[in-house]
Amino acid sequence: MTTLQAETPTENKNELSPQQEANAKAGMSVVKKVGLLAIAVYILGFVVLLAAYGLSGTKNEEFNIVQPFHLDTWFTIVGPIEFNKGVLYLLLTTAITIGILLYVAKSMTMRPNRMQTAVEAFYDLIRSMTRDNMDEDLAKKWFPLVGTLFVFILVTNLLGYIPLPVNSSEKIFNGNFPSFQLYAADTNVAVPLVLALGVWLAFNYEGVKAHGFGGYIKSLVPSGVSKGMLVLLYPLEILSNILRLLSLTVRLWANLLAGHLLIDFMGGNMAVLLGRPFLGWLTLPLGIAIFLFEAVLIAGLQAFIFAILTAMYIGSATHSH
Amino acid sequence: MSQILQAINAAAETGVDPTTYGQKAGRAIALGVGAGGGAAGAGAGIGSLFGSVVEATARQPEMRNEIASTQWLGFALTEACFFYGLVGGFIAFFL
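Just so you know, the protein sequences line up as chains A and B, in that order. Residue numbers for the first sequence follow the numbering used here, beginning at 1 and rising by one. Residue numbers for the second sequence follow the numbering used here, beginning at 1 and rising by one.
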């Protein structure tokens, strides 16, 4: 038995037709060629920039890398309500989310296509997220909130990795057209703060509803603790309850803002700040790597974290220790 | 210490305001310590987290799916700490 198993792979290998082997070799060499070409272009660009501008440069004192993340008022809608790029991103997110989900819901079939399969897997994920952390009827009640938060944060984050012409502080084409920028609504602390405030109110409301106000305050600390320890534990537990609001906000905000600043910084802002063009070319691969890391992993992960923490907080507020 | 004082004195002689000089130095240090310390702490945390995941999966491969969801939760919570440090450094540097 063992000899058979050991022999099969080698036989299979030997049975590769000459055609397949040629294909495999050709595929290898194409990848190699592209890789070598990319390295050659990289080195060539580096040499050209170094020859054209040299190593030295003057510092740019006026350039401010956080300026594009400030919100310029584009126009006023009613009274104190203003329209700026943050509002534009939120509206875009809402439109895209509602559009995709309504389209999938309307064209539901018994034999799902790719889009429907993805949305159904997504639905299953959110359902297991709520059911694992809450009782049955609570899960039914809070499923829409958790699902909406997940989809909304995911789409706002992903929208933040598409360059759109929203940077109105620096115009191009003779100052007629705003320049392109990677901006996300979550890079402004107000958006995550409002989302987290909603979650904080929701889980405290559920806790008070389940235990009564006094009962909820009592349920914050484990039962059966001596009185001396209670004096120590109560401030800590109440603080941790309030800090949940802060940590939910800052996690989302800091991830998005620092991610975007790092992409900008590696993608050329550092070269502009120091006035050395070759530096921009040097850090560009790092910028692309951070962009991919942020867009592929962090965008989805932050949405997942926010949703699952919401479910956990609501679940833990209703259970007593 | 005396070297720092010498540097500040040298800067003052060339016409740079010592207060601005000190502010700039402090900002640079804040950004360096925030980003560097944040990266060190989060790096240690993420390393230990993935080490534990490998160990746990090797012991109980049938728990793989449950471990994976906890793993990504822990990864995001740990990795956020790096960004806290970095954003703190950026705030000190630019504001």
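Please note that a few of the clues may not be correct.
As the list claims (entries may be wrong) - Beta-carbon label-pair distances, calculated as ranges:
#1 Glu237/A with Ile91/B: 41 to 49 Å
#2 Phe180/A with Asn9/B: 24 to 32 Å
#3 Gln67/A with Arg64/B: 42 to 50 Å
#4 Leu5/B with Ile96/A: 57 to 65 Å
No wet-lab data here; the hints were simulated from the structure. For every residue, glycine included, the Cβ atom is placed at its ideal position computed from N, Cα and C.
A quick look at each hint next to the structure:
{"no.": "1", "hint": "Glu237/A with Ile91/B: 41 to 49 Å", "in the structure": "violated (29 Å)"}
{"no.": "2", "hint": "Phe180/A with Asn9/B: 24 to 32 Å", "in the structure": "violated (47 Å)"}
{"no.": "3", "hint": "Gln67/A with Arg64/B: 42 to 50 Å", "in the structure": "holds (47 Å)"}
{"no.": "4", "hint": "Leu5/B with Ile96/A: 57 to 65 Å", "in the structure": "holds (59 Å)"}
Checked against the numbered hints above, the structure violates hints 1 and 2; every other hint is satisfied.
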